[in-house]
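This is what each chain is made of:
2 protein chains.
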Amino acid sequence: MTQPAMTQQPPQAPRGSRSAAPADVHSASTEPLTPLGFLGRAAAVFPDREAVVYGARRSTYREFAAEVQQLARAVRARIRPGETVTVIAPNIPAMLMAHFAVPLAGGVLSPLNPRLTARELAYILEHSEARVVFADGDVAATVRDVVGNLPQAPLVVEIVDTEAGHAGPAGPAGSLTYDDFLAQGLAGPDLPWWVADEQAPITLNYTSGTTGPPKGALYTHRGAYLAAEGAVFHNGYTGATRYLWTLPMFHCNGWCTPWAVTSAAGTHVCLRAVRQDAIWDAFDHEGITHLCGAPIVCAMIHESERARPLDRELRMTTAGAAPPPSVIEALESLNITPVHVYGLTEVYGPFTICEPQPAWAQLPAAERARLMARQGVPMVHAGEVAVMDPDLNRVPADGETLGEVVLRGNGVMKEYFKNPEATAEAFRGGWYHTGDLGVMYPDGYIQLMDRAKDIIISGGENISSIEVEGVLHAHPKVSDVAVVGVQDDRWGERPVAFVVTEAGAQVSADELRAHCRQSLAGFKVPDRVEFVQELPRTATGKIRKNTLRALQDGDGSPAVG
Amino acid sequence: MTQPAMTQQPPQAPRGSRSAAPADVHSASTEPLTPLGFLGRAAAVFPDREAVVYGARRSTYREFAAEVQQLARAVRARIRPGETVTVIAPNIPAMLMAHFAVPLAGGVLSPLNPRLTARELAYILEHSEARVVFADGDVAATVRDVVGNLPQAPLVVEIVDTEAGHAGPAGPAGSLTYDDFLAQGLAGPDLPWWVADEQAPITLNYTSGTTGPPKGALYTHRGAYLAAEGAVFHNGYTGATRYLWTLPMFHCNGWCTPWAVTSAAGTHVCLRAVRQDAIWDAFDHEGITHLCGAPIVCAMIHESERARPLDRELRMTTAGAAPPPSVIEALESLNITPVHVYGLTEVYGPFTICEPQPAWAQLPAAERARLMARQGVPMVHAGEVAVMDPDLNRVPADGETLGEVVLRGNGVMKEYFKNPEATAEAFRGGWYHTGDLGVMYPDGYIQLMDRAKDIIISGGENISSIEVEGVLHAHPKVSDVAVVGVQDDRWGERPVAFVVTEAGAQVSADELRAHCRQSLAGFKVPDRVEFVQELPRTATGKIRKNTLRALQDGDGSPAVG
Numbered sequence: 086m087t088q089p090a091m092t093q094q095p096p097q098a099p100r101g102s103r104s105a106a107p108a109d110v111h112s113a114s115t116e117p118l119t120p121l122g123f124l125g126r127a128a129a130v131f132p133d134r135e136a137v138v139y140g141a142r143r144s145t146y147r148e149f150a151a152e153v154q155q156l157a158r159a160v161r162a163r164i165r166p167g168e169t170v171t172v173i174a175p176n177i178p179a180m181l182m183a184h185f186a187v188p189l190a191g192g193v194l195s196p197l198n199p200r201l202t203a204r205e206l207a208y209i210l211e212h213s214e215a216r217v218v219f220a221d222g223d224v225a226a227t228v229r230d231v232v233g234n235l236p237q238a239p240l241v242v243e244i245v246d247t248e249a250g251h252a253g254p255a256g257p258a259g260s261l262t263y264d265d266f267l268a269q270g271l272a273g274p275d276l277p278w279w280v281a282d283e284q285a286p287i288t289l290n291y292t293s294g295t296t297g298p299p300k301g302a303l304y305t306h307r308g309a310y311l312a313a314e315g316a317v318f319h320n321g322y323t324g325a326t327r328y329l330w331t332l333p334m335f336h337c338n339g340w341c342t343p344w345a346v347t348s349a350a351g352t353h354v355c356l357r358a359v360r361q362d363a364i365w366d367a368f369d370h371e372g373i374t375h376l377c378g379a380p381i382v383c384a385m386i387h388e389s390e391r392a393r394p395l396d397r398e399l400r401m402t403t404a405g406a407a408p409p410p411s412v413i414e415a416l417e418s419l420n421i422t423p424v425h426v427y428g429l430t431e432v433y434g435p436f437t438i439c440e441p442q443p444a445w446a447q448l449p450a451a452e453r454a455r456l457m458a459r460q461g462v463p464m465v466h467a468g469e470v471a472v473m474d475p476d477l478n479r480v481p482a483d484g485e486t487l488g489e490v491v492l493r494g495n496g497v498m499k500e501y502f503k504n505p506e507a508t509a510e511a512f513r514g515g516w517y518h519t520g521d522l523g524v525m526y527p528d529g530y531i532q533l534m535d536r537a538k539d540i541i542i543s544g545g546e547n548i549s550s551i552e553v554e555g556v557l558h559a560h561p562k563v564s565d566v567a568v569v570g571v572q573d574d575r576w577g578e579r580p581v582a583f584v585v586t587e588a589g590a591q592v593s594a595d596e597l598r599a600h601c602r603q604s605l606a607g608f609k610v611p612d613r614v615e616f617v618q619e620l621p622r623t624a625t626g627k628i629r630k631n632t633l634r635a636l637q638d639g640d641g642s643p644a645v646g
Numbered sequence: 086m087t088q089p090a091m092t093q094q095p096p097q098a099p100r101g102s103r104s105a106a107p108a109d110v111h112s113a114s115t116e117p118l119t120p121l122g123f124l125g126r127a128a129a130v131f132p133d134r135e136a137v138v139y140g141a142r143r144s145t146y147r148e149f150a151a152e153v154q155q156l157a158r159a160v161r162a163r164i165r166p167g168e169t170v171t172v173i174a175p176n177i178p179a180m181l182m183a184h185f186a187v188p189l190a191g192g193v194l195s196p197l198n199p200r201l202t203a204r205e206l207a208y209i210l211e212h213s214e215a216r217v218v219f220a221d222g223d224v225a226a227t228v229r230d231v232v233g234n235l236p237q238a239p240l241v242v243e244i245v246d247t248e249a250g251h252a253g254p255a256g257p258a259g260s261l262t263y264d265d266f267l268a269q270g271l272a273g274p275d276l277p278w279w280v281a282d283e284q285a286p287i288t289l290n291y292t293s294g295t296t297g298p299p300k301g302a303l304y305t306h307r308g309a310y311l312a313a314e315g316a317v318f319h320n321g322y323t324g325a326t327r328y329l330w331t332l333p334m335f336h337c338n339g340w341c342t343p344w345a346v347t348s349a350a351g352t353h354v355c356l357r358a359v360r361q362d363a364i365w366d367a368f369d370h371e372g373i374t375h376l377c378g379a380p381i382v383c384a385m386i387h388e389s390e391r392a393r394p395l396d397r398e399l400r401m402t403t404a405g406a407a408p409p410p411s412v413i414e415a416l417e418s419l420n421i422t423p424v425h426v427y428g429l430t431e432v433y434g435p436f437t438i439c440e441p442q443p444a445w446a447q448l449p450a451a452e453r454a455r456l457m458a459r460q461g462v463p464m465v466h467a468g469e470v471a472v473m474d475p476d477l478n479r480v481p482a483d484g485e486t487l488g489e490v491v492l493r494g495n496g497v498m499k500e501y502f503k504n505p506e507a508t509a510e511a512f513r514g515g516w517y518h519t520g521d522l523g524v525m526y527p528d529g530y531i532q533l534m535d536r537a538k539d540i541i542i543s544g545g546e547n548i549s550s551i552e553v554e555g556v557l558h559a560h561p562k563v564s565d566v567a568v569v570g571v572q573d574d575r576w577g578e579r580p581v582a583f584v585v586t587e588a589g590a591q592v593s594a595d596e597l598r599a600h601c602r603q604s605l606a607g608f609k610v611p612d613r614v615e616f617v618q619e620l621p622r623t624a625t626g627k628i629r630k631n632t633l634r635a636l637q638d639g640d641g642s643p644a645v646g
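The listed protein sequences correspond, in order, to chains B and W. Going by our numbering, the first residue of the first sequence is number 86, and it counts up by one from there. Going by our numbering, the first residue of the second sequence is number 86, and it counts up by one from there.
Please note that the accuracy of each hint is not assured.
[To be verified] A few chain W residues that face chain B, going by a derived Cβ cut-off under 7 Å, partial list only:
#1 A129
#2 V130
#3 E314
#4 G468
#5 N495
#6 K499
#7 Y517
In case anyone wonders, no lab produced these hints; they're calculated from the structure. Using N, Cα and C, we set each Cβ at its ideal position, and we do this for glycine too.
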């Protein structure tokens, strides 16, 4: 032990320390909340732990943090604080890096789906005033075309993904690659893993726009920190977690999981495309412990020829539709625990979770699935859920009375970017209005019955399209189904069902209508059943009911699939 | 499914809902952080789960929340917002209830050790301006005497603990029992599990006062929320957790564990007295998964005649002194994982944790124990640790250069209550100054070398009493040890050791000095070794080195034990 040096000397800190924060950023006892510090801490404490896996590429937390710092320095030279940086890419490492590097540079990250059309991209890039746009090689050419017409002329950076066979930019002279851009941040001091204001925006997530032009949900550093910590608790992320990236990061920032898994210093296993083989490769060779995904991902997993019971418990969190009993049983037989959550772009991803009650384990499979199909209760960080009538009175918690699901608390976005009217409308009465209709049970669990706009009003009676879909889905020959209301001179609206049958299965419309009559009041039974090859869906997997309705309101002959 | 009622009706919420918050308490997207909501959520989601166990008494979360609400209503009738309510009790249910009920009533909880002297109680009760004092039956008479002389004349409520053989108040006519008091809160609406200001105080924790009169560390709702969530992550608390209350709740609010275990909706197993048999009874019959405690509790566990390997992993978090290799090995052989943390009253309990690195598992036991003996790195919620010289420059992270351990971030208290001078002194330069001397290693882990006041300066050289104690502790015949500096005309100070030997062991002072010479520079070897029956300790287990020093500065003949 030597004496402390008493002379003035420059501050020294160990590698990866979070100590670069200027003294005026926070007082001794209040530090603004931000998920950026999670990476600073993970890199300082677990520098040699595997942080990011992508094909043959493996990065430690030291390397993860170093690339983020380098990227952040390069970004900071291009933007002013609070400006938007867009990343259009699948779940590749560059998208993960951007979740830390863009806010570290003082920017706001706007992650976008590479499957958006040129028209959608043009709208969002202009609305978000993007200054830098990182584009995956598959979409770089389209993006270059789009930005050519934008007033702010953002810089386009092409992400050359050699795993995907990209070979470098095919664009005009001077086109920048991610590696070129990264090199611009090589020199310079590390940026602090801190922010001055926890209410400052961290990301901008555009809605899928099923009801109009996409709206930009603004997330804050504080909200992202709390949502990430909520995810850590409810998923049980630890340093031993190996998380498979099936859920898109362009969708609600992958439910804040880039920050959550990093907070726990777990390992991110990236996946460019969600394919059955790639998932089972990761299960078999990467020791995956957790993943999230839509029902289609659940189906891909248990329907795979390679499906076999895993030697460890794997936790699969799913949303978008309740897992049916057969899926729950199929997953559990593989040692996969399905967890059902509910949320929206406006609430950092999941807000409620169907918390399993120990007593449910004793119930028959169908009864257990019925309880698990509910959207549940608020996650520990999220806040409060209520079901309200149009006058903002809570409906009785009787499991029957329909109302709108409303949310409030730290799990709710700050606002819609540049859209105070939409913000005021969505936040009326101090609650975020989801537009989803549901009921609350006496045990406080909510269950969605329908989107407000998807309720079918027939002869003054409400028909829940979800209820009718659930009945049809339970038929063994039905693989996928959507029920929509079509105009009817006598009743106002009448339900029509679009059905995809199981491969090779034969079933008639009359058989399915008879099946419905066993469970549903007569007025709820669809007037018609149309068989289609597949249902039209948004990029995030939501059924485009407006497309189906439009078809019916037109010549009546569906042309889907 | 029925239609929502369109007429005005009073809000209805399911049992235990957090919905009682007035609309103006928070906006739709920002809710002040408070750990109170953890109980609201646990009671709403897991009403029938076992929440509190104490002897034959078992309460569900529904009952836990109901008693807290009732107690809060009774407290609220007695205090104005922000006033202090004191509880002087061991780890019995009333102390746990108070951690929620007092802040729910708008008060500030001051938990106190029943072993405090009348003089200490009088000082703290007057300084804290306590309005209501709950006193365990064992100390109620003393407390009544003390409060008789206080200017504010607080109400005394006696906690009659029938498990401890209490039979009701033996005080003057009109003495109130906890049950009497609770009955006053029977009627009334539930109070909201919410606060208007997350920076408002929630508790007031008095230091043990080894350096002067006790100081009151003020914790905030925000800090307590974050510390609790940090504890949940690092301890891995879940709904299946069964936490044994060996760590006193009057010590830093039991490291915020009342809130942490409740956040996870785990089970609190209360324990009036920390006895070997009671601990093993709980291990054997209550399925304990976690506990915290001082090294003496570690020793009680592995030295018990009933010690046997557990059928589950149990996590034991310890602080105050690093667990020596023999203790680590003994605990691990019982399937108990020791975790070493470091903190102070001023930082919500633990601030750093010696995060185990997977590679350590391969090391020889002594080397692993050496690494685990370090105080480690900040917990995920806490903030930043640094080791600084007197000019507030960071010392080199070389594992050798001594400096003061300083802390900042959300894990640091708000201030010392009614003591702006002490607050300013402790927070100089924007960091909380611990008064502990330590080093930082290249891997960012800190290690304490001594309390600032416990460093022995001999002939201009620093001698770390902790270093010398560590060497003596490693001797197989030494059970407990303290090294202090005594005045010396020639050298300024010289080290003297006080040693408790293992039961039945025989060892001479010369043998121990020869043992020291094998590991320490000659000037560090204690001039004298005094054998004592036991070391004088504070109520929280800290060795009273000032008592030992005073003995030595007096007639030189120790009279301890």
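Here is how each hint holds up against the structure:
1. A129: Holds. Min distance 5 Å.
2. V130: It holds, given that the least Cβ distance between W:V130 and chain B is near 5 Å, below 7 Å.
3. E314: Holds, because the Cβ-Cβ distance from W:E314 to chain B comes to roughly 6 Å (cut-off 7 Å).
4. G468: holds, 5 Å
5. N495: holds, 5 Å
6. K499: holds, 6 Å
7. Y517: holds, 5 Å
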